[in-house]
Amino acid sequence: MSDVVVLSLRTAPVGALELAGVTPDRLAQLPQREIAALPVRHAGRGAALGDFFTVKGERAARVRLEGDLRLAEGMGAGMMGGELVVEGHAGRDVGVAMTGGAIEVRGDVGDNTGGARPGAARGMVGGEIVIRGNAGEDAGAGMRRGLVVVTGNAGRGTGRGMIAGTAVVFGQTGPDAGRWTKRGSIVACGPVARPATFRYACTYRPPHVRLLLLYLRERRGLDVADRWITGRYDRYSGDLAELGKGEMLQWAGE
Amino acid sequence: MIINGVTIEDTFAEAFTMRVARIVITGKTARWAREAALKLTGFATSVIGCKCEAGIERELTASETPDGRPGVSVLFLTMDKESLPQQLIVRLGQTVLTCPTTACFDGLPAAPDRLAVGKALRVFGDGFQGSKVIGGRRYWRVPVMEGEFLIEETFGMQKGVGGGNFLILAEHPDAALAAAEAAVLAMTNLPGVILPFPGGVVRSGSKVGSKRYKNMLATTNEAFSPTLRAIAPSALPEGVNSVLEIVLDGTDAPSIEAAMRVGIRAACLGGVRSISAGNYGGKLGPHHFPLRKIMSGVTA
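As you go down the protein sequences, you meet chains A and B in turn.
Per the numbering used here, the first sequence starts with residue 1, numbered consecutively.
Per the numbering used here, the second sequence starts with residue 255, numbered consecutively.
Quick caveat, the hints were computed from the structure, so don't treat them as lab data.
Quick caveat, the model's predicted, so the values are computed rather than measured.
Errors might be hidden in some of the hints.
Some chain A residues close to chain B (C-beta under 8 Å, calculated; not the full set) [what the hints assert, rightly or not]:
{"no.": "1", "residue": "L9"}
{"no.": "2", "residue": "Q32"}
{"no.": "3", "residue": "T99"}
{"no.": "4", "residue": "R156"}
{"no.": "5", "residue": "Y200"}
{"no.": "6", "residue": "P207"}
{"no.": "7", "residue": "R210"}
{"no.": "8", "residue": "L211"}
{"no.": "9", "residue": "L214"}
{"no.": "10", "residue": "Y215"}
{"no.": "11", "residue": "R219"}
Derived lysine to aspartate or glutamate pairs resembling DMTMM-like cross-links, with alpha carbons at most 20 Å apart [stated by the list, open to error]:
{"no.": "12", "chain 1": "A", "residue 1": "K182", "chain 2": "A", "residue 2": "E254"}
{"no.": "13", "chain 1": "B", "residue 1": "K282", "chain 2": "A", "residue 2": "E254"}
{"no.": "14", "chain 1": "A", "residue 1": "K182", "chain 2": "A", "residue 2": "E242"}
{"no.": "15", "chain 1": "A", "residue 1": "K56", "chain 2": "A", "residue 2": "D3"}
{"no.": "16", "chain 1": "A", "residue 1": "K182", "chain 2": "B", "residue 2": "D380"}
{"no.": "17", "chain 1": "A", "residue 1": "K245", "chain 2": "B", "residue 2": "D506"}
{"no.": "18", "chain 1": "B", "residue 1": "K413", "chain 2": "B", "residue 2": "E289"}
{"no.": "19", "chain 1": "B", "residue 1": "K282", "chain 2": "B", "residue 2": "E318"}
{"no.": "20", "chain 1": "B", "residue 1": "K537", "chain 2": "B", "residue 2": "D264"}
{"no.": "21", "chain 1": "A", "residue 1": "K182", "chain 2": "A", "residue 2": "D234"}
{"no.": "22", "chain 1": "B", "residue 1": "K282", "chain 2": "A", "residue 2": "E242"}
{"no.": "23", "chain 1": "B", "residue 1": "K465", "chain 2": "B", "residue 2": "E476"}
{"no.": "24", "chain 1": "A", "residue 1": "K245", "chain 2": "B", "residue 2": "D380"}
{"no.": "25", "chain 1": "B", "residue 1": "K547", "chain 2": "B", "residue 2": "E263"}
No residue lacks a Cβ here, since even glycine has one placed at the ideal position from N, Cα and C.
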């Protein structure tokens, strides 16, 4: 047993490398040899994790992935607990359908972070995803519970079809954010292209945003400015074409 | 044992096991947090008449609270598990929910016994309320005219200690009051302890039941009442003309003991003849605080 399992990219993939089964809760049960033998898919063909990664450590619920993983897909998909840290960029489907634990990506991610599996009605139902970079489209789409944080910009459809949960974007939030949202919160510290089906309610200092941003600063080590923690937010309710119990909180100044 | 000319009597305080919760109230300013805490802890001196005992444990700086605002920590005690959530729901709903700018957090997050206080109060939102999970703890957002009231879903409950005490036996009322004030000042802001009575001081220490009135749960303690010295058995040494009591509740016995040590030492002023304590012969309460051992620095 070790403190952390480190997976260092040894052989760069030439096509999509699907890592959906490589989750901390699973690796916490396995010796090093079995971790290396875990099945993955590369460019549509079966392969073993050890074909691409050097494995250090075993039986640990903390996992660190190293290397250029822009072609790696589904990291932390369905994970139920533990901690997954990606030291660099990651591909699409990070943390899809996850139910617990924490993912941190120290780089950009592709589309559908924390979203739903193909054909599924809902995305992540628990846990936390922190992207220290930019996110592609549909971050937090269909999420039922949990937290997605993007320190940079987020693409089109952030929080699209959210059922509940929270998405925080410190940079720019792309168009169609929150479209078809039932409940849940999108906290936009930067500019946001808001759908017309969100209606302005008031400008106030939401106490839970203060608590959440302090948590992100103090417990997750994010560089959250005071102006966002103590600031005023415009509250928009939506999507009024849906249940309308969701909200978009757009930072409005100190 | 004599401290600064004051006799520490060879007796002990007898205290009871209670159930305790710690409530952290924050506000835009320390003033608003304090306003809510004062209302919350009003009329909560003794379980005999108030069904609960509560007091401000200490004031908290912004860096000590979950939302980074100034706050107040309150200890809240009842005799049994069932009445603690009942009292908290009623009192928090009428005093903290109503108070401008405040938010309410659990101060015993590690306690395994959880009281669904915020979960009960959320229904004030009449279906418009919502919840958020932050750092593994669920909070309820209750819409109110001011904006939103934020309260944690559950509060921890643990066993505590109620009824720690000591008596200040003085030559005259002014000396007793000065000693009591000094003791309270010395014990203010000590962790894990509250002094639930007005200003931390009790002038009407009681005995259990009544010699004359069947329906009375507690009546005057004539043994320590100077005006009755000539007509009732008295426990007062000669020259004592006024007695004041300090009652302490806390999260655990060591906290009470530490506070008693500080408070008794501060109370040993001119005009005070002795320090005593209230007990029931050791038969009712499981917690005993021997004064001389405490003042010798020996853990009771």
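The hints, checked one at a time:
no.	hint	in the structure
1	L9	32 Å, violated
2	Q32	30 Å, violated
3	T99	13 Å, violated
4	R156	25 Å, violated
5	Y200	15 Å, violated
6	P207	4 Å, holds
7	R210	5 Å, holds
8	L211	5 Å, holds
9	L214	5 Å, holds
10	Y215	5 Å, holds
11	R219	6 Å, holds
12	K182/A x E254/A	29 Å, violated
13	K282/B x E254/A	15 Å, holds
14	K182/A x E242/A	6 Å, holds
15	K56/A x D3/A	11 Å, holds
16	K182/A x D380/B	18 Å, holds
17	K245/A x D506/B	44 Å, violated
18	K413/B x E289/B	27 Å, violated
19	K282/B x E318/B	14 Å, holds
20	K537/B x D264/B	17 Å, holds
21	K182/A x D234/A	19 Å, holds
22	K282/B x E242/A	35 Å, violated
23	K465/B x E476/B	11 Å, holds
24	K245/A x D380/B	14 Å, holds
25	K547/B x E263/B	11 Å, holds
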